[in-house]
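Asker: Residues per chain are reported as follows:
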Amino acid sequence: MCLPESGKHLGIAEALREAIAEEMARDERVFCIGEDIAVPGGWGGAFTVTLGLEKRFPDRMINTPIAELGFFGVACGAAMAGMRPIADVQYGDFLLLAADQIINNIAKMRYMSGGQVTMPLVMRAPVGATGRGSQHAQNLERYFTGVPGLKVVAVSNAYDAKGLLKAAVRDDNPVLIFEHKLLYGSKGARAEPGAVDATSDVPEDDYTVPLHQAAVRRAGSDVTILAWLLMLHYSLQAAEELAAEGISAEVIDVRSLSPLDLETLGASVRKTGRVVIVEEGPKRGSVSAEIAASLLEECGEYLRCPIRRVASADVPVPFTPVLENAYRPDVPRIVETAKTVMQF
Amino acid sequence: MTTPQILPATPAQQPAACGCDQLLALYERMVLIREFEDGVKFLFLEGTMPGTIHQCQGQEATAVGVCAALRADDFITSTFRGHGHALAKGLSVQELLDELFGATTGCCRGKGGSMHVGNMAKGMVPGIAIVGGGIPVAAGLALAFKMQKSDRVAVSFFGDGAVSEGAFHEGVNMAAIWNLPVIFVCENNLYGASTHVSQVMRDTHIARRVGSSYGVRAEQHDGNDVLAVYEAAQAAVAQCRAGNGPVFLELLTYRLTGHSRRDPCHYQPQEEREAWASQDPIDRFARALRERGVIDDPGLEAIRTRVRQQFDEAVQVARCQPLPSVKELTSDVFA
Numbered sequence: 004m005c006l007p008e009s010g011k012h013l014g015i016a017e018a019l020r021e022a023i024a025e026e027m028a029r030d031e032r033v034f035c036i037g038e039d040i041a042v043p044g045g046w047g048g049a050f051t052v053t054l055g056l057e058k059r060f061p062d063r064m065i066n067t068p069i070a071e072l073g074f075f076g077v078a079c080g081a082a083m084a085g086m087r088p089i090a091d092v093q094y095g096d097f098l099l100l101a102a103d104q105i106i107n108n109i110a111k112m113r114y115m116s117g118g119q120v121t122m123p124l125v126m127r128a129p130v131g132a133t134g135r136g137s138q139h140a141q142n143l144e145r146y147f148t149g150v151p152g153l154k155v156v157a158v159s160n161a162y163d164a165k166g167l168l169k170a171a172v173r174d175d176n177p178v179l180i181f182e183h184k185l186l187y188g189s190k191g192a193r194a195e196p197g198a199v200d201a202t203s204d205v206p207e208d209d210y211t212v213p214l215h216q217a218a219v220r221r222a223g224s225d226v227t228i229l230a231w232l233l234m235l236h237y238s239l240q241a242a243e244e245l246a247a248e249g250i251s252a253e254v255i256d257v258r259s260l261s262p263l264d265l266e267t268l269g270a271s272v273r274k275t276g277r278v279v280i281v282e283e284g285p286k287r288g289s290v291s292a293e294i295a296a297s298l299l300e301e302c303g304e305y306l307r308c309p310i311r312r313v314a315s316a317d318v319p320v321p322f323t324p325v326l327e328n329a330y331r332p333d334v335p336r337i338v339e340t341a342k343t344v345m346q347f
Numbered sequence: 003m004t005t006p007q008i009l010p011a012t013p014a015q016q017p018a019a020c021g022c023d024q025l026l027a028l029y030e031r032m033v034l035i036r037e038f039e040d041g042v043k044f045l046f047l048e049g050t051m052p053g054t055i056h057q058c059q060g061q062e063a064t065a066v067g068v069c070a071a072l073r074a075d076d077f078i079t080s081t082f083r084g085h086g087h088a089l090a091k092g093l094s095v096q097e098l099l100d101e102l103f104g105a106t107t108g109c110c111r112g113k114g115g116s117m118h119v120g121n122m123a124k125g126m127v128p129g130i131a132i133v134g135g136g137i138p139v140a141a142g143l144a145l146a147f148k149m150q151k152s153d154r155v156a157v158s159f160f161g162d163g164a165v166s167e168g169a170f171h172e173g174v175n176m177a178a179i180w181n182l183p184v185i186f187v188c189e190n191n192l193y194g195a196s197t198h199v200s201q202v203m204r205d206t207h208i209a210r211r212v213g214s215s216y217g218v219r220a221e222q223h224d225g226n227d228v229l230a231v232y233e234a235a236q237a238a239v240a241q242c243r244a245g246n247g248p249v250f251l252e253l254l255t256y257r258l259t260g261h262s263r264r265d266p267c268h269y270q271p272q273e274e275r276e277a278w279a280s281q282d283p284i285d286r287f288a289r290a291l292r293e294r295g296v297i298d299d300p301g302l303e304a305i306r307t308r309v310r311q312q313f314d315e316a317v318q319v320a321r322c323q324p325l326p327s328v329k330e331l332t333s334d335v336f337a
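Respectively, the protein sequence lines represent chains A and B. My numbering puts the first residue of the first sequence at 4, with every later residue one more than the last. My numbering puts the first residue of the second sequence at 3, with every later residue one more than the last.
Extracted from the complex, chain A is given alone in its bound form (with noise of 0.2 Å):
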C-alpha cells in the first residue's frame, strides 16, 4: 500500500470525515443528507462519520427524517439539478428501504433518459455482523454490484477511505460506498468490540484513489486470496500464518466491487494459478460468485485447480457470539482453504 512519508495517522472514520470536510470546502455544491447526522450534542451518523461537521457547514448538512426511501429520492432531484449530495444509512440494511430510488431512478436515470441526466451522487452504507443480530448485520454488496448504471466500493483502511470518498464526490455518476463497523476505529461511545485495525498515514496534501481498481496487499506467488472490507484484514493474517508454513500468498483488496478490475485479479491469477474468494455474508448469490465466474471466463485456462471460496453459511445473521463467530470466515478457515488448493 501507499504509504506517505509525511502526514498524519488517521482511522476511517476520521478519515472519511476530512474528505468530506474538504470537498464541501472546495465545491459549494457538494452537501451531506442523512440520519443523524448533524444534531448539536448528537453522534455524527451511527458512527461519528459526520461529528461536528454541521458546525462548519450548517447549511449544508441536511438532518433528515427516518425515511430512506425519501430521502434517497431527494438526493436524487438534488443531484439531477446541479447538486452533488453524499446520502447515507445508519447501517447497510436501510439500503433495502430506499432500494426502489437507488435501483429504479438513480442508476437508470441516465440511461433511460438518453444521456441527459448527470447523476453525481455518493451513497454511504456500513455493513458486517457486530453483536446486533440479523437486521442490522447484512452485508449489502451482492445486492447492488449487479446493478448496471451504479459504481460499488468497499474501503479497508483509511487511506482508501478518504482517496476513494473524494473520487465518488467529484465522479459525475452514483457511487456507492460500503464501509465496515469494526474497521471504522470510531472512539469513545462508538467504538466497537472485535474491530480491528484499519488506520493509516494520510498525507496533508489533496489525493483520490481511484474507483475502478484492485490492491495488490501482499505479494506472494503460490496462491491469490481475494477479499475486501474485514475480510481483507483477516486474510493478510491468514497470509502471515500461511508464509510460516511457507506458502507464498497473494492478497488482494478487491475494492472496486463494480465493475470489477479482471486486469489486477487476472494478473495475480495468471501467476499463481490458485484462487482463494474471501467473503462475509452467506455464499448463494454472493459477489464471489460474480467473481469466480468472471475470473474463469478472463483466465480460467491459468487455473491449476477449482477455485474456492470462504463465505458465511447461507442463513441469516445471527446474534449470540458463538453463532456469529461461526457465521463470520475466519483467518483459520482462510488458512484451511488456502491449504487444500496448494494440494493441487
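A few of these clues could be false.
[What the hints assert, rightly or not] Label-pair distances were calculated between CB atoms; the ranges are:
(1) A/P68 x B/G21: 41 to 47 Å
(2) B/A74 x A/G197: 52 to 58 Å
(3) A/G134 x B/S196: 45 to 51 Å
(4) B/T106 x A/D62: 40 to 46 Å
In case anyone wonders, no lab produced these hints; they're calculated from the structure. Being a predicted model, the structure only gives us computed values, none of them experimental. Beta carbons are placed, not taken as given, at the ideal position from N, Cα and C, and that holds for glycine.
Position chain B against the provided structure of chain A, taking the given hints into account.
Answerer: Frame of chain A, contents of chain B only:
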C-alpha cells in the same frame, strides 16, 4: 362504490387576468394533447408503434393549467402517464412521437419510451414510472433550487394511487419541514389502475387529509376547469417562489380512456363515465370561450384542424426517423 363527485354542469369559467391569446393558447394546448393521445392510440392499435401506452384523455386541463403557470426553467416530474405533462411543459410533438417510435431522434434517444419521456433542457425529468417515485425526487429538485438560492420551483404530478405509497408520505413530509418550493399535484381521477379510491382510503378527500397531516396548504380544485387549475397553480407558484412552499393541489378529474392500451374500463360504471364525459375539459373550455365571445365555432374548428395537421405531419416524419444503432445499447450508462 361511493358516488363519484360530479362537477356542476355549468362551471363558473372566469377568464380572469388572461388575455384572449393566452386563453386560446391554453385551449390549443389541451387540443394538442387530446389529438396526440387519440392519434397515438390509433397507431398502437394499428400495430405500428412498439411498447405500451398509458394515456390521459380527459385530464388535459390539469397538465395544461399547471404548466401554464410555470417558467421554462421550472421543473416537473411525471409518471407513466406523461404525454400530456410533456406537451404542456413544452416538449415538441416530434420529439415525443420519435421517442414512442423508438427512434434515436426521440427526446430520450429511444431509450426511455412512453413511460419515461422527458427533456431536461425543457424542465421535465424523464417520467418516473414507479408509482410515487417522483414525489421525493421533486422535493430533491426543490431542495437544490433552495440551496442554490434560485427562485425556481418543482412540480410533481402523480395520481390518487400514489397517495398510498410510502414515498408520498416521506416526500411531502420532508418538503413540509424544509419549506421547499415544490407543488404536489395530485390528479385524482378516481381510479388507481382499476381500483376505485374508496377501496384504498377511508377519507377520499385527499387535500383535507394532506392539509391536516402535514401542515401545508392543501386545496381541492375542479381539475377539468383549466382556468381554475391555472389560477390555483399561479397562486401556488407565487407562494413557493416567495419561500413559503410546499403547496398541495388535489385536482379532480377523470380518465376517459383505459389505464393502459387494451383496458376497456369495465370497472367504470356507465353513468359515471357519461357524467364525466359531459364534463370534458376541452368541451367545457370551448363553451366558455364561445360564451365570452373569445372565439366562434369556425375558429375552434380551425384550431383542431391545425393541430391535427401538425400531428399528422409529425407522424409522417417519425415513421422515417433513424433507429439507434445496436452499439448504442451500451452507451449512456455512465457519464
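Asker: Okay, which hints does this one fail, numbers in order?
Answerer: Hints that this structure does not satisfy do not exist here, as all of them hold.
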